[in-house]
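Undergrad: Each chain is listed here by its residues.
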Amino acid sequence: MGTTPEPGTGATNRAGEAPEQVGLSTEAEGETTVTEEGTELERSIGLVGGIAIGVGTMIGAGIFVFPGLAAGRAGPAAAGSFAIGAVIALLVALPASELATAMPKSGGGYYFISRALGALPGAVVGISIWLGLVFATAFYLVGFGNYAAALLAEAGVNLGGVPIVIPMALVFGVLLTALNLFGTENAAKLQNYVVGLLLTILVLFLSYGGLDALGVFGTQSTPETFFRFGPFPMFTTAALVFTSYLGFAQVATVAGDIKDPGRNLPLAMVGSVLIVAVLYVATIFVATSAFGSARLETFGETAIVEVARNFVGGTGALAILLAGLLATVSSANASILSTSRAVFAVSKDAIIPKAAARMNLKYGTPHVALAMAGGPVLVLVALGEVEVLAEVASFLHLVMYGLMCVALISMRRDEPEWYDPDFRVPAHRLVAGIGAIASFGLILFMQTTSQVIGLAIMLAAAGWYKYYAADVELKGVL
Amino acid sequence: MSDDDPAPTAESIMSDNDLDIREPPRILVPVEVLEGESISESLVEFLAPARIILLGYHVLPEQTPTEQASMQFEDRARTAVEDIADTFRGVGRGVETRVAFTHDRDQTVERVAEEVGATAILLPNPSSDIEDVLVPIRGAVDVGRLADLVSTLLGGHAGTVTLWGLDTGGEYDTDAAVERARETLLDRGLPAEQITAEHAESESPVWDIVDRSGEFDIIVMGAGGPSLLSSLFGDPTERVAEGAVAPVIVVRTRED
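These protein sequences, in sequence, are chains A and B. For the first sequence, position 245 matches number 245 in the numbering used here, and the numbering has no gaps at all. For the second sequence, position 99 matches number 1099 in the numbering used here, and the numbering has no gaps at all.
Rather than coming from a laboratory, the hints here were simulated on the basis of the structure. Be aware that a few hints might be false.
To be verified - Chain B stretches covered by chain A per the calculated footprint, using a threshold of three residues with CB under 8 Å from any CB of chain A: (1) 1063–1074; (2) 1159–1172.
What the hints assert, rightly or not - Examples of chain B residues toward chain A, derived with CB under 7 Å: (3) Thr1102; (4) His1103; (5) Thr1108; (6) Arg1111; (7) Glu1242.
Using N, Cα and C, we set each Cβ at its ideal position, and we do this for glycine too.
Between the sequences and the hints, there should be enough to build the whole structure, so can you do that?
TA: Here it is as structure tokens:
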């Protein structure tokens, strides 16, 4: 069938392109991957860089959006909801880690699923995760606009009632895309600094608030009944806040660039989940201690700002607003980077035209893939319907997480010869099984609109595969 | 990885005869090939007595996966490296080539230098005919390696070596090091009239070396250990290479 047969691959897509094999899997260790022709691909992201990607992607929504909402639903037990969310995230992170150490290639979830379950599920996940990331980026950018507006208002800048949220989000979306397109200085380094500064502010805030709640400064706050609404809402609220753990799998999208992937990939994924889990739980604890969950609920999405104001006045509010700004910047930037990698991964496998993987020699950046990330994001931001889209993003991520767990079970059932992960999940059937059930189960808690849009996107992706790349086979092809 | 081991080739056996029993020094030549960087003919000729490991590399911003770059530019990079390798082969020497796509040039150069056991690393700069060599000595340096390298490269040429001790006021006895280097060079058969020894006090060796670089055709210097200053301002050898008008050969400290 194929006119340009490559080793191990069956066929080509409609444009006659076959999946391309870049790194030899056997050589993917230590600091280099070696291609068939002997060219060395340096791995340059260390453990800290990997954790910064994971934490940077996750931290945006969880700390700043959810405390008020979650406390309103579950009372102080919302801290327990975040802990449950973390456990579920770990149940998915462990299988993802094993798959990533066995296949340390750029592309993450898409790569594992296409190799373990075949090209059709792979294509559906690959294409829908591209759009899922686009939606998520738009959501973060609008969040950025909100924080920027609130920060200006807090600082006393009078805007005369001009709405600036969407314009700010658009401007910043253009800036981030441009930075990634033309920035020969590393955009990923920026990520490390932003995450570092963000974590510093949060840790200071939480230590102060934690000491205050324990009665070190002044009066001890009256402890509220932990299960104010009984234990059941703690579990349903866990479904809501799980969204704030979406993103740890993004570490796997840069797997091809991570040094010593056998060690660093699992550590970065599990480590970043644990770091944000501790931050989330501490935030809820501090917030509910400061105000009580009923009052916290009335503050809604800016609850955490009010908590900070309560502790240290206007300065505290400003610092937390700045942290929120940084969190949305890091999440948006990490998502744009991941989007371009996701596009590259499907394009390399000939699921979409190879042209999408082209890069620009002058700037050394993947301009087509970056444009396929930034362009739709700006359209979505301008439309403004981002809340639904954020949930659609979660939907698409959850499908990928569930399928990753299935992929692990399928891989282990009949292990191919090349399957030799450095890290093996203990009791894998149980871990991956619960991970899959939890991931798919959470989808049921979503709004019908989101479910319909999510399904439509997956069907469209499947349709595209059938039309464009039905002959491409990826199962078991490394 | 077995292909990293230097297999004894006809060339190395031949050069062994030229140099009594000593292994020829191995010089790593990193070239940013896709940026059109190249090695001048005079430099190729000067380096001819050494074994050359030619590393063609391309630096990518971190937002670009190395796989993506290699898919599109691997062939072009390999061709460019082979073109440069041919100029070395043209002067009758074997050359080993490697191609790497990286986000971090220093990491790649250091890793390859380690893997091939390089004696020295070339930091290319434009050059005309190479005759006069400046060897600044400003701290602990592997004198044996340095002397091997300089005597091999200059063997049979008319060029001169200027050993220049730069005393920064530290504990390091620069005078003794210069003297030791001079004696080792004489031992290696370099005629005494080709060697000059000089001394100077220096507050900032990097600037002084850069200032004098115009008088010489090439600089050979020791890598020097990591220091606080180098982590702030970059490696001293790289700062010399950036400022100097001549190419710089950095002698690596022998790994244990």
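Undergrad: Where does the structure disagree with the numbered hints, that is, which hint numbers, in rising order?
TA: 2, 7
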